[in-house]
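A.B. asks: Below, each chain spelled out in residue letters.
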Amino acid sequence: MDMAIETFNLTKKYGAKVGCAEICLRVPRGQIFGFLGPNGAGKSTLVKMLVGLLFPTSGKAILLNRALGDTEVRKKIGFLPENFRYHDWLAGQQLLEFHASLYGLSGTAKKRRVSEVLDLVGLAGKEKQKVQTYSKGMRQRAGLACALLPDPDLLFLDEPTSALDPIGRKDVREILVTLKDLGKTIFLNSHLLSEVEMICDAVAFIRQGKIIRQGLLEDLRTSNIEVEMKVGGLTPALTAALSTLASSIEMEDDLVRIRVKQEADIPRLAALVVTGGGYLFEMHRKKSTLEEMFISTTGGGEEIC
Amino acid sequence: MLTMMGITFREGLNRKVLLISLILAVIFLGLYGTGVHYAAKSFNEHPNPILAAVVYPQLLSFGLYFGGFIVSFLAIFSAVGAISAEIETGIIQAVITKPIRRCDYVWGKFLGLGLFLALYAALFFIVIAMIINVKTGLVLDGQWRALGLFALQPVVLLAVTLFGSVVLPTIANGVVMFMLYAVAVIGGMVEQIGWLISNTGLQQAGIVTSLVMPVDSLYRKIVHLLMRPTDNPINALQQMGPFGSMAEPSVWMVVYALLYVVFFTGLAAYAFGRKDI
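For the protein sequence lines, the chains are A and B, in the order given.
Using the working numbering, the letters of the first sequence map in sequence onto residues 1002 to 1306.
Using the working numbering, the letters of the second sequence map in sequence onto residues 150 to 426.
Bound conformation, chain A alone:
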């Protein structure tokens, strides 16, 4: 599989303090990849290393088949920083033209691309205004427009919707899905788990600078399934039989909550109830939300290193 991002034991240390430790990630092209973790876990450190703001202490990374630090590859990489600040004395169009020049665009190609991204992020008509008069949401849109200028194959977005209202967030989600459909890879660093859940194909969780879990979102969801059953005629023997399939089991009168590790265990649970002499009145599969996964995986909360 062709990878957009591959990291091999990528590590960043600040003296004795560890920013990121031995990060090994593989992000295939054409995916929206969510990178999740509590504050201070090392998310921004990894992104900053990948976009060239920080130099790794050890390890290596490959972006779009080029080694980390290669200047040429950046012509196909867009980046929206978390603390988006721009030359606010420029008008929106001037700002985009400046960033387009940094990407090596010139002449009509520059004008055309600036016009396209202004339309794409919904800033058309506002391009003559100075950036300092923009609202926070408009500035974030301008930042996204800057990141989209080179028609990037790989897009790093650090909290891209944090300043946007619900409509703005929806707009950005739609832009990201459109980009994905065009085969672009998006590395999304976000705290808005509901959004990540809506658009990401795969996620990785980081805690204390280390990747603790990663995979396709659907695989992660199905690897930890909660089933709720209303069972009549429960006996100790039946409970013991159900426990053989469960990674955890909770019982409250005739209500049984069981966690199983694979989907195939769900019909087996039903079969066990029936063959064990019980009466199955209700059975629900509860999908694990990303938020539940996040809390159970990272422990939640802010990390103090």
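Think of the hints as simulated: they come from the structure by calculation, not from any bench.
Using N, Cα and C, we set each Cβ at its ideal position, and we do this for glycine too.
Check before you lean on any hint, since a few could be wrong.
[Claimed, not checked] Examples of chain A residues lying across from chain B (beta carbon under 10 Å, computed):
1) LYS1049
2) ASN1084
3) ASP1089
4) TRP1090
5) PRO1237
With chain A held as given, fit chain B onto it using these hints.
C.D. replies: Just chain B now, with coordinates in the frame of chain A:
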């Protein structure tokens, strides 16, 4: 590099510090022009060629000395946060992640600010020279070379301030650069006193400070180019005082200043190339 140079030059034109510097320059040149006007008027009404031959060059060096102050302040204020402020605000994150080399970013900043400061200084010099020439009729022989050196002064300060902007936070850099500039100014005066009283220790102290920060020695060279003391005995009197130049800095000091600029800008580029943002 050219993109960075362009945006930096435009930023220089947009900064409030330019507006303040222009207002200060207008006030200074207005007062200076008025002073020169009345001095010339007085000599026209009561001719005294010998005294005029001493006073007019002193007025010129006075104008260039304090004009150099304003230009130097503009250089420090413009460059003090050229890189550090962009790091502190986060503006830099969206810039150096683009397909440009870090050294191009630094050299682009240097060229943009350097061009802006050199033009400002050149304009300042031309106005002072015109005021003196029109009002007093004083002919300035080496004016073009002097103009070049006057324009070089803020560039020297720019190079070292830019380096400071890579390795220090903005406020700390500002404090260090003003101290460095003060060392150069005081060192220059100490050296003048050394030549006046023939004290080798003071002369050498001045030379050492010129090596640390060569701005003042460039000013002394400018004064020598415009008023050569060997021409006649009166000219020796013109070079006395804190604004004069009793010993002409050699051409090697100019070469040193140019190398100083290249060295500190190169050092800034090197340090920035290894800096975590």
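A.B. asks: State for each hint whether it applies.
C.D. replies: Tested hints:
Interface restraint check: LYS1049 (chain A) against chain B, minimum CB-CB distance 7 Å, threshold 10 Å, status holds. Interface restraint check: ASN1084 (chain A) against chain B, minimum CB-CB distance 4 Å, threshold 10 Å, status holds. At about 9 Å, the closest approach between the beta carbon of ASP1089 (chain A) and any beta carbon in chain B falls short of 10 Å, and the interface hint on this residue holds. The restraint placing TRP1090 (chain A) at the interface with chain B holds, with a minimum CB-CB distance near 5 Å, inside the 10 Å limit.
Interface restraint check for PRO1237 (chain A): the shortest CB-CB distance to chain B comes to about 61 Å, outside 10 Å, so the restraint is violated.
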